[in-house]
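**Student:** For reference, the chains in residue letters:
Number of protein chains: 2
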Amino acid sequence: MIEDKNQSKTPLSELGEFGLIDHLTKNFKINHVSTIKGIGDDAAVLDLKNNQIVVTTDMLVEGVHFDLSYMPLKHLGYKAMIVNLSDVYAMNAEAKQVTVSIAVSNRFPLEALEELYSGIETAAKIYNVDVVGGDTTSSTTGLIISITAIGSVKTDEVAYRSGAKPNDLLVVSGDLGAAYMGLQVLEREKEVFKVNPQNQPDLENYTYIIERQLKPEARKDIVKLLKDLEVKPTSMIDISDGLSSEIMHLCKQSEVGCELYENKIPLDPQVISTCEEFNIDSTTVALNGGEDYELLFTISQQDFEKIKANPNLTVIGFIKEKSAGMHLITRAETSIPLKAQGWNSFSS
Amino acid sequence: MIEDKNQSKTPLSELGEFGLIDHLTKNFKINHVSTIKGIGDDAAVLDLKNNQIVVTTDMLVEGVHFDLSYMPLKHLGYKAMIVNLSDVYAMNAEAKQVTVSIAVSNRFPLEALEELYSGIETAAKIYNVDVVGGDTTSSTTGLIISITAIGSVKTDEVAYRSGAKPNDLLVVSGDLGAAYMGLQVLEREKEVFKVNPQNQPDLENYTYIIERQLKPEARKDIVKLLKDLEVKPTSMIDISDGLSSEIMHLCKQSEVGCELYENKIPLDPQVISTCEEFNIDSTTVALNGGEDYELLFTISQQDFEKIKANPNLTVIGFIKEKSAGMHLITRAETSIPLKAQGWNSFSS
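Going down the list, the sequences are from chains A and B.
Using UniProt numbering, the first residue of the first sequence is number 1, and each one after it goes up by one.
Using UniProt numbering, the first residue of the second sequence is number 1, and each one after it goes up by one.
Read the hints as simulated data drawn from the structure, not as lab findings.
Errors might be hidden in some of the hints.
One copy or any two copies: either way a pair holds, since identical chains are not told apart in the list.
Said to hold, decoys possible - Once the Cα atoms are required to be at most 30 angstroms apart in a straight line, the calculated DSSO-like pairs of lysine-lysine come out as:
| id | residue 1 | residue 2 |
| --- | --- | --- |
| 1 | Lys29 | Lys125 |
| 2 | Lys26 | Lys154 |
| 3 | Lys154 | Lys49 |
| 4 | Lys125 | Lys49 |
| 5 | Lys252 | Lys26 |
| 6 | Lys232 | Lys49 |
| 7 | Lys9 | Lys339 |
| 8 | Lys215 | Lys26 |
| 9 | Lys49 | Lys227 |
| 10 | Lys224 | Lys74 |
| 11 | Lys252 | Lys264 |
Bound conformation, chain A alone (with noise of 0.2 angstroms):
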């Protein structure tokens, strides 16, 4: 919510497309063996060798998916790429390459879009991918981003939302509901800056909830885990519109049911004070609340030995037969069937 209004700004145009993507690009290192080519040729050449491919794609666009009003472009471009490293960590996969595309408008200057893509340089180097190409061109209004992520995995090892099978257990990584919790937080701050610019916020009891919202973390250190501990996921998907609808898309694709304990569902402590805050039942927040990031998968009961210790793992429920429907187990012990609130782009 802080402008700078001092910085000095370069308009886009003073360097042409070409100029542009090499201005923007020039930090980029090439990490991988498998990057044959990078950036700067007709495409990228990689060699993934007898390894299965992923690949997975992710738009973002101004006004939908971010509000730059809130939003430091950084921490975006670092977003861009989590959204899309996500995907790929879901099919059990190591993510090696990535394609960054954005479409611009005049109104940016040079200066923005280095730090938009500082924030995906950053990210790359944390998740060592490499950057290998992508396209730069101007758009009428706002900000575009679309990233395409590639990875590799040994054939045996891919995890597909469909091979949960009844009696395993459910599992999700980390904690739910913080992203969307972080969300609310921002957007009253932002009601509050305009009735008074000079109202600085104290958002001291929100920081986790607001770094959720807005450098969220993609959880390779879950895949990595998984294959130290030993446990292949029967099934598995990245939880970005939130627990009740990713849960709904594992149990149609491997046809089967479930039962979902709300008491297990796992809840920071700032989600929880921040719910009462805002009168919103927290359960329905970790259910529909999306952006968490967190890996939802399931196991065979035999590997629960392996993972019950692990502070990162919860197991949140089991997969029945399909007859039995998909249903949240309340506190209260009633049962009632889960229903997809996940985020709509195209709802008003």
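For chain A, the structure is supplied; the task is to place chain B on it using the hints.
**Tutor:** Showing chain B alone in chain A's frame:
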């Protein structure tokens, strides 16, 4: 330029994001054995065996790259595919898979997206590529299409931009400048239509050049032809921004110079006659026009015998030492330095 006022229109919000993707992609068939998993999981899974993988991405923005007042949506979908496939062929590779992401404003009804996707599907069939993923989201204004294409190629067959050697021949497929002149005709007819909407344009003399603008093709056939002729290009690039700019890319990355012969540049008779009508120099159009999606490549002189009889290929110059610079030898036998005046989306 003809709008059907009677079409029934379905608002996108009726389907929701998942419903929309399902609806638009339900006809897409998987043809490649290398596509292990297409749409429907966190990521697509591919098995390209021991081949190298080429990856390329391009974004098309309404009002910047296309004008829907004369670009039918079906053609737009087709062209968005061609732009990307052309880059795969320019690596001497075979295109196998694509991901398609679109951001679209509420002013587009479902039927418009169906048109767009039918063009994508047609191109996928003709060029034998699988649509394996993508993203469909809303935009605040206009239509944005981002496609990533993936191909495979044997390690020793990749053609980079950087492999041209002095004395190599400079070869181009097809003919040049037609897409640009097609655009000039369409822009003129749009102005006429604005003044008098009843006027039915007579475009009979411009069918070839208009088709080159609205429905370009990628030269998959040339990649196959070169294999059949047992010619491996020493370097290759596709012509998206105009011959001059592409030759300069090849020469710079190969660290060589060149001589390009004006009288060898292949022009269709319709380009010549339309250039005369518009009072534009046809060489300028061929050098700077762009969007031809022909292949520009270099071959060793010893391969000349193999290609010389082929009507699809024209030798247009020679590669020289870098110190010789990059020159156009005019019909008057004057030598003038090449300039890149390719299309720049950031200049206004």
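**Student:** For each hint, tell me whether it holds in the structure or not.
**Tutor:** Hint check results:
For the identical chains of this complex, Lys29 and Lys125 are intra-copy neighbours only, at 9 angstroms inside a copy versus 37 angstroms across copies, given an alpha-carbon limit of 30 angstroms. Proximity of Lys26 and Lys154 under a CA criterion of 30 angstroms is satisfied inter-copy only: 29 angstroms between copies versus 32 angstroms inside one chain copy. With identical chains, the CA atoms of Lys154 and Lys49 are at most 30 angstroms apart both within one copy (10 angstroms) and between copies (12 angstroms). Taking CA atoms no more than 30 angstroms apart as the test, Lys125 paired with Lys49 passes in both settings, with 23 angstroms inside one copy and 28 angstroms between copies.
Only between protomers do Lys252 and Lys26 lie at most 30 angstroms apart by alpha-carbon distance; the minimum there is 17 angstroms, versus 45 angstroms within a single protomer. For the identical chains of this complex, Lys232 and Lys49 are neighbours both inside a copy (22 angstroms) and across copies (23 angstroms), given an alpha-carbon limit of 30 angstroms. Taking identical chains as interchangeable, the C-alpha atoms of Lys9 and Lys339 lie at most 30 angstroms apart only when they sit on different chains, with a minimum of 29 angstroms there against 48 angstroms within one chain. Within a single copy, Lys215 and Lys26 get their C-alpha atoms as close as 24 angstroms, which meets the 30 angstroms cut-off; across copies the closest is 35 angstroms, which misses it.
In the homo-oligomer, the alpha carbons of Lys49 and Lys227 lie at most 30 angstroms apart both inside one protomer (20 angstroms) and across protomers (24 angstroms), since each shortest distance falls under that limit. For a Cα distance limit of 30 angstroms, the shortest separation of Lys224 from Lys74 inside one copy, 27 angstroms, qualifies, whereas the shortest one across copies, 44 angstroms, does not. Taking the closest pair of Cα atoms, Lys252 and Lys264 come within 30 angstroms of each other only inside a single copy of the chain (22 angstroms); across copies the shortest separation is 61 angstroms, beyond that limit.
When held up to the earlier numbered hints, the structure conflicts with none and fits them all.
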